[in-house]
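Model the full assembly from the supplied sequences, consistent with the hints where possible.
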Amino acid sequence: AQTVTQSQPEMSVQEAETVTLSCTYDTSESDYYLFWYKQPPSRQMILVIRQEAYKQQNATENRFSVNFQKAAKSFSLKISDSQLGDAAMYFCATNGGSGTASKLTFGTGTRLQVTL
Amino acid sequence: EAGVAQSPRYKIIEKRQSVAFWCNPISGHATLYWYQQILGQGPKLLIQFQNNGVVDDSQLPKDRFSAERLKGVDSTLKIQPAKLEDSAVYLCASSLFGSSGNTIYFGEGSWLTVV
Numbered sequence: 004a005q006t007v008t009q010s011q012p013e014m015s016v017q018e019a020e021t022v023t024l025s026c027t028y029d030t031s032e033s034d035y036y037l038f039w040y041k042q043p044p045s046r047q048m049i050l051v052i053r054q055e056a057y058k059q060q061n062a063t064e065n066r067f068s069v070n071f072q073k074a075a076k077s078f079s080l081k082i083s084d085s086q087l088g089d090a091a092m093y094f095c096a097t098n099g100g101s102g103t104a105s106k107l108t109f110g111t112g113t114r115l116q117v118t119l
Numbered sequence: 449e450a451g452v453a454q455s456p457r458y459k460i461i462e463k464r465q466s467v468a469f470w471c472n473p474i475s476g477h478a479t480l481y482w483y484q485q486i487l488g489q490g491p492k493l494l495i496q497f498q499n500n501g502v503v504d505d506s507q508l509p510k511d512r513f514s515a516e517r518l519k520g521v522d523s524t525l526k527i528q529p530a531k532l533e534d535s536a537v538y539l540c541a542s543s544l545f546g547s548s549g550n551t552i553y554f555g556e557g558s559w560l561t562v563v
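Chains as they are written, first to last, in the numbering used here: chain A, 4 to 119; chain B, 449 to 563.
Derived by calculation from the structure, the hints in this document are not laboratory data.
Keep in mind the model is a prediction, meaning the values are calculated, not measured.
Zero decoy hints are in this set.
Straight-line Cα separation of at most 27 angstroms, DSS-like style, residue types lysine-lysine; simulated pairs: (1) A:Lys73 to B:Lys492; (2) B:Lys510 to B:Lys526; (3) B:Lys526 to B:Lys463; (4) B:Lys492 to A:Lys81; (5) A:Lys76 to B:Lys492; (6) A:Lys58 to A:Lys81.
Listed below are several chain B residues computed to face chain A (Cβ distance under 7 angstroms; list not exhaustive): (7) Gln489; (8) Gly490; (9) Pro491; (10) Leu493; (11) Val537; (12) Ser543; (13) Gly546; (14) Asn550; (15) Thr551; (16) Phe554; (17) Glu556; (18) Gly557.
Ideal Cβ placement from N, Cα and C applies to all residues, glycine included.
Structure below.
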């Protein structure tokens, strides 16, 4: 079984600044992926970035990057040059497990506010 | 490319009534998921289909919840009878296959309020 912990219920960042959202996880799987999803008020889950556990290089997607520390089971999301449209709930998730390899386990989320 | 479609978007029912939610996944996606998201929590998987077969329904409250995907495309999630604690957003999602590397795409969800 996998568990995902997000210890920051809320975070705030000023527009154009950088913010880091924390996530730790636990899994017994050797083959797994890690994800950050964004959920705006519409409630649709939108994939922000994903990391393959066997890759040491941290994933990046434009203004979004991760700091993946496999030994520490840590997977933080850095948002650079924050924009008003980045305001949303952010969920960290992992998958894995034979038979249901794609099943996602989510954390409780971090609400990101972006201020002017 | 059309995304995952869900209906209805919003539903308010009284406890002990029944409700059904419909989902149409992205064309060609073999794997379909139903997640339940209670306010203040992350989504929790209720059931996963691979084509029209069930892969995982370990967290589905089978005494009141049922789901089907008869032709391997559309799916319906039913709750009967509903309880107050079933108030949540029901998210349908799909992926090309059920392997861990596949991206899972979500619909906008069906909001259920049980009064």
